[in-house]
Amino acid sequence: MNKLRLFFASRKSWTLPYLIFSVVFVVIPLLLIVVYAFTDEAGNLTLANFSKFFAHPEAVNTFVYSIGIAILTTVGCILLGYPAAWILSRSSSGYSKTLIMLFILPMWVNILVRTLATVALFDFARLPLGEGALIFGMIYNFIPFMIYPIYDTLQKMDKSYIEAAQDLGASSAQVFWKVVLPLSMPGIISGVMMVFMPTISTFAIAELLTMNNIKLFGTTIQENINNSLWNYGAALSLIMLFLIAATSVFNTDGNDNSKRGGEPW
Amino acid sequence: MVKKILMQTYLWILLVLLYAPILIIVVFSFTEAKVLGNWTGFSLNLYKSLMNTGAHHSLMNAFVNTIAIALIAATVSTLLGSVAAIGIFNLRARGRKAMGFVNTIPILNGDIITGVSLFLLFVSLGITQGFTTVVLAHITFCTPYVVLSVMPRLKQMNPNLYEAALDLGATPMQALWKVIVPEIRPGMISGFLLALTISIDDFAVTVFTIGNQGLETLSTYIYADARKGGLTPELRPLSAIIFVVILVLLIIINRRAGKVKR
Amino acid sequence: MEESLPVFVFWNELKCNFATGFYFREMQSENRPIIEVKNVSKYFDDKTALDNVSLSIRKGEFVTILGPSGCGKTTLLRLIAGFQTASEGTILINGKEITQTPPHKRPVNTVFQKYALFPHLNVYDNIAFGLKLKKMPKAEMTRKVMAALKMVGMTDYEYRDVNSLSGGQQQRVAIARAIVNEPEVLLLDEPLAALDLKMRKDMQMELKEMHKTLGITFVYVTHDQEEALTLSDTIVVMSEGKIQQIGTPTDIYNEPVNAFVADFIGESNILNGTMVRDRLVNFCGKDFECVDEGFGEDVPVDVVIRPEDLYIFPASDRTKAQLQGRVQSCIFKGVHYEMVVLCDGYEFVVQDYHAFEAGMEVGLIVKPFDIHIMKKERICNTFEGRMIDENHVEFLGCEFECAHVDMSDKSKDWEHLSIEVDFDKIDLLDDSEDGILTGEVKFILYKGNHYHLTVLSDWDEDVYVDTNDVWDDGDRVGISVRPEDIRVTVK
Chain A
1 MNKLRLFFAS RKSWTLPYLI FSVVFVVIPL LLIVVYAFTD EAGNLTLANF SKFFAHPEAV
61 NTFVYSIGIA ILTTVGCILL GYPAAWILSR SSSGYSKTLI MLFILPMWVN ILVRTLATVA
121 LFDFARLPLG EGALIFGMIY NFIPFMIYPI YDTLQKMDKS YIEAAQDLGA SSAQVFWKVV
181 LPLSMPGIIS GVMMVFMPTI STFAIAELLT MNNIKLFGTT IQENINNSLW NYGAALSLIM
241 LFLIAATSVF NTDGNDNSKR GGEPW
Chain B
1 MVKKILMQTY LWILLVLLYA PILIIVVFSF TEAKVLGNWT GFSLNLYKSL MNTGAHHSLM
61 NAFVNTIAIA LIAATVSTLL GSVAAIGIFN LRARGRKAMG FVNTIPILNG DIITGVSLFL
121 LFVSLGITQG FTTVVLAHIT FCTPYVVLSV MPRLKQMNPN LYEAALDLGA TPMQALWKVI
181 VPEIRPGMIS GFLLALTISI DDFAVTVFTI GNQGLETLST YIYADARKGG LTPELRPLSA
241 IIFVVILVLL IIINRRAGKV KR
Chain C
1 MEESLPVFVF WNELKCNFAT GFYFREMQSE NRPIIEVKNV SKYFDDKTAL DNVSLSIRKG
61 EFVTILGPSG CGKTTLLRLI AGFQTASEGT ILINGKEITQ TPPHKRPVNT VFQKYALFPH
121 LNVYDNIAFG LKLKKMPKAE MTRKVMAALK MVGMTDYEYR DVNSLSGGQQ QRVAIARAIV
181 NEPEVLLLDE PLAALDLKMR KDMQMELKEM HKTLGITFVY VTHDQEEALT LSDTIVVMSE
241 GKIQQIGTPT DIYNEPVNAF VADFIGESNI LNGTMVRDRL VNFCGKDFEC VDEGFGEDVP
301 VDVVIRPEDL YIFPASDRTK AQLQGRVQSC IFKGVHYEMV VLCDGYEFVV QDYHAFEAGM
361 EVGLIVKPFD IHIMKKERIC NTFEGRMIDE NHVEFLGCEF ECAHVDMSDK SKDWEHLSIE
421 VDFDKIDLLD DSEDGILTGE VKFILYKGNH YHLTVLSDWD EDVYVDTNDV WDDGDRVGIS
481 VRPEDIRVTV K
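Chains A, B and C are the protein sequences, given in the same order.
Last residue of the first sequence: 265 (the numbering used here), numbering continuous.
Last residue of the second sequence: 262 (the numbering used here), numbering continuous.
Last residue of the third sequence: 491 (the numbering used here), numbering continuous.
Read the hints as simulated data drawn from the structure, not as lab findings.
This one's a predicted model, so the numbers in the text were calculated from it and none came from an experiment.
Hints are supplied without guarantee of correctness; some may be wrong.
Stated by the list, open to error - Between beta-carbon pairs, the in silico distance windows are:
1. A:P182 - C:A355: 53 to 61 angstroms
2. C:L92 - B:A93: 53 to 61 angstroms
3. B:A93 - A:L80: 38 to 46 angstroms
4. A:H56 - B:V245: 45 to 53 angstroms
Unchecked claim - Stretch by stretch, here's where chain A covers chain C in the computed footprint (C-beta under 8 angstroms, at least three residues):
5. 76-84
6. 106-114
7. 125-137
The C-beta atom is built at its ideal place from N, Cα and C for all residues, glycine as well.
Bound conformation, chain A alone (with noise of 0.2 angstroms):
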C-alpha cells in the first residue's frame, strides 16, 4: 500500500497516461490482428487465411517482389545517400546545415501530392511511367531518411579517429574504408531502419507511379480490407508485422554491438 502511494507521489507515475494509452492504441490492436488472423468471419480459429495466402501465388509473388523493391530502394537510397551525407559533414557548419535542411524539405509537401509530381515530371521527360519510375519515386521519396542519420553520425564522429588512420599511415581511400565506413555503420543502419521499413509498407504510392501496373504488398492488404475480408487482412499484416520484426531484430543487434561500453544508461 505504501509502496502504491510513493510510487503516485514520484514522478515515475506520470508513465501511467502514456502506458494506458498504448496498450488501448497499440498493444491490443496489435493483439487483434493476431486475434483475427487466426479466426474466421465467424470467430473460429482456423489457420485457412493462411493457407489461402500460401495458395495464392500472385500474393506470394507481391510479396516477394514488394521486398525486393524496398531492398533495391534501400541500396539505392545508402549509395546516393551516403556521399551525399559524407560531402556534407566535409563542409562548414553553416554551409552544411542549410543544405541539411534543404534536403528535409521536400518532406512537407504531402506524400501524394510529390509522388504525382514525380509523375509528371516523368511525362514531362518523356520516360515511361513503370519500374523506374517506382524505383525513382521510392527512393526520391526516402533518400533525405538516409541522408539525415548517416550525416549525423558523421558529423559525431570524433575527428582524431581519422588523424589517428593517417598517423598509422593509412591513404584518404584506407582512411575511408578502414575507418570512416566502419564507424558510420550506426548511422547506416538507422539509416536502413527509416527507409526499408516504410518502403515495404507503402502502397498507392506505387499504384500511381506505375499506373496500377505494379502492385505493392501493402496495396494488396488494404484491398482486402477495403472488401471486407478483415481475417485475410489481418492475416497478411501478420506475416508483414513478422518481416518488420525479424528485421529490427537484426537491426538492434548491430546496434548493441556498435554502442557496446558507451552508454552508462
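Add chains B and C to chain A, keeping to what the hints say.
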C-alpha cells in the same frame, strides 16, 4: 579543388532532382491546364478559384480538416509525450527499457500495420469512424516521436538541477515547472513540429481510420482524386502555397536560432 | 625487475628489424637534428596560433612542449604530425622538408590525447592497423604486435574490445599502436591528461623507461609543469604562440628568462626590484647581495625567489634576518609547510619543514645565488597613436582625452606619436560598458604587493596593468585612463 567542385556539384544535382517535382508543381500552378504538365499560358486563375472557397468547397474542407487534425493531434501528443518522457526518465533501467520498447512499436510497425490494427480496434469496439478516430490514430503514431525528442534533453540535463531547485526551497511541482520544463522546452517544440508534419503528411493510417461518413483530409482527397485520374488543378496552387509558407517559416526559425547562438 | 623484461624483448626485436646499420647511424648522427622547425607561423582565420616559431630537436631526445592551454603547443605538434599545414615557414624531419607532406607519409606516429582507439576494432587489430596497411606478412605482424603488447604490459589483452578497457589500459594500447610502427619520432599529445594522479605517476615512469629502451625521439606536449620537469631532456616553454624559453629542466627552473616562465614553472615569488649596481639589488625597500651582473645601474628588474630558497626562523634572532615579517597563513602540504609571510607590505611564499603558525613574528634570509634577476621586458605601456586635436589623442583604436598639447609646431609629425601610460595609471572597471574600451584579462602575475595583469584589448593589443584589485583570468573589463596620465611624445 577539382574534387571539391565535383563534390559540390553532386550535392546540387541531388538537390535539383529532389526539388524538380516540387518546382513543376509550383510552375504549373500558374497555368490553367487540367492535366499537370500541359502549359497553356500564364494565369493566376487557379489561385483565384482556390481563394473562392465556394468553388472548391471540398478541397478547402479537406485542407481545414487536415490542419485541425494535425493541430489537435500534435498538441495532445506533445503533452502526453512530454509527461511520459519525464516519467520514463525517472524509471529504473528495466522499466525504462520496457517503456522504450513500447514507445518504438508504432515507429517500427509502419503506417499500414498501425492503420490496420487501429481499424480492427475501432470495428471491434463498434465505434463509428470519423474525426475522433483519425485524431486518436494520429496521436498514436505522433507521441513516440515527441518522447524521442524530449528524452535526449532530459538526459543532457544536469541531474542536480532539479535537486538544486528543491534545495533552494521549490516544491517538486515548482521545480518541475521552473527548472525541468524550460530545460526540455526545445525538445517539446521540435517534437510538436515533428508531430505536426507527420500528421499532415499521413495517408496510410488516415485511410484506415477515417470511415465512410464523408470526412476528407488532403491526403485522402488527393488519393481519391488521383484514382479518378488526375489532380484537381487547384491542388497545385495549394501545395505551392503550403510549401512556400513552410520554407519561409523554416528560414525564420533558422535565422533566430542562429542569432540566439551568437 | 619483472617489468624490464618485456622491454628487453622488444629491444631485441627492434635491433633485428633495423638491421645492424641502425646502431652505427645512431652513433654517427648523435647531434644531428631530427626535427627542425624553421620560422613557422600558423593562423586560424585572423587568430595567430603560432608566431614565428623555430625549434630544433636532436635525435633521441625527450622534448616536452610545455605551456598553458591555448598557447599553441598542440598546434605545433599537429604541424609536425601533418594534421595541419603551416601558414608560413618550413618543417624538416631528418633533413627532408615535409611541410606539405600528408600525415600518412611522415615517419612519425602520434599518441592522441583521448587515445582515439578505433572502437570497431579489438586491441590486436588496433595495434596491427599500421602494419596491415604496410602489407606486412601475418607471422611477422603477429610477432610485432605481441612484442608491443608485452612492452606496454598488456599481454593477453589482444582480443579484448577496446571499449571494455580502463583509461590506463587504453593509454597503453594507444602507445603500443604507435610504437609498433617503429617511428623515428613519437609524438605524444597530453597522453596522461585523462588519467588519475596515481596512474599518471606510474605511466610517467614507464614512458621514461620506454624512451630509454626504444632510443627514439619523443616529443611530448603537456600543460603540467611537474610532468615536464620529471620526464624531459629538454623543455620548450610556450605562451601565446611563441617560444618563451628552451632549456634543460634545471635551467628552466633555476634560470627562467622572464616572469611568465618563472611563474609557470614551479612556485615563485616575483617582485619588482631595482639593480643598484652589479651584484647588488634593491627590493622590498632593502639592498640584497646577488650574483647577477651586467644590467647597468639603477635599472628596474624583476626579482625571482623560489619559496624553498627563503630561510625562515623565529624573529628572536633579529641580527641574522634580512627581512622581518609576520606569518599570514600556514598550510601543511604533505612534506613541507607553506607559509605566507608579510614583510613591509610585500607577501612572500615560504616553504619549510617546520611550521610557523599564523601571527608569529619571523625573520627571512635568502642567499645571494638564490636571488634570480630578470630584465624587465617593459617598464610602462607604449602605444602608437595620433593627435585628434589639442586635447584628444587616439590610440588602441579609441579616442582619449589628454592634457593640453601645444600643436602649433607644424613641422612635427602629429600623426605618428608614441603614447606612454604607466602600469598603475590604467583603471580597470567591472562594467565593461563604463570604460573607453574593453578587454579580457589573460595573464595574472602576483608581485608580492600588487597584481600585474596582461589585458588583451579588443584592439588586439596587450595592455599591462598594475592593480591591487583581484581579477580572474578571462574577466571582461572596461579600460580607462585619466587625461593627466597620458604621456605624449613625438617620435
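Hints, verified against the model:
1. A:P182 - C:A355: 53 to 61 angstroms: 60 angstroms, holds
2. C:L92 - B:A93: 53 to 61 angstroms: The hint (53 to 61 angstroms, Cβ to Cβ) holds, given that C:L92 and B:A93 are roughly 56 angstroms apart.
3. B:A93 - A:L80: 38 to 46 angstroms: Since the Cβ atoms of B:A93 and A:L80 sit about 39 angstroms apart, the hinted range of 38 to 46 angstroms holds.
4. A:H56 - B:V245: 45 to 53 angstroms: This hint holds: roughly 47 angstroms between Cβ atoms.
5. 76-84: holds (count 3)
6. 106-114: Since 6 is at least three, the answer is holds.
7. 125-137: holds (count 4)
The structure is consistent with each of the numbered hints, conforming to all of them.
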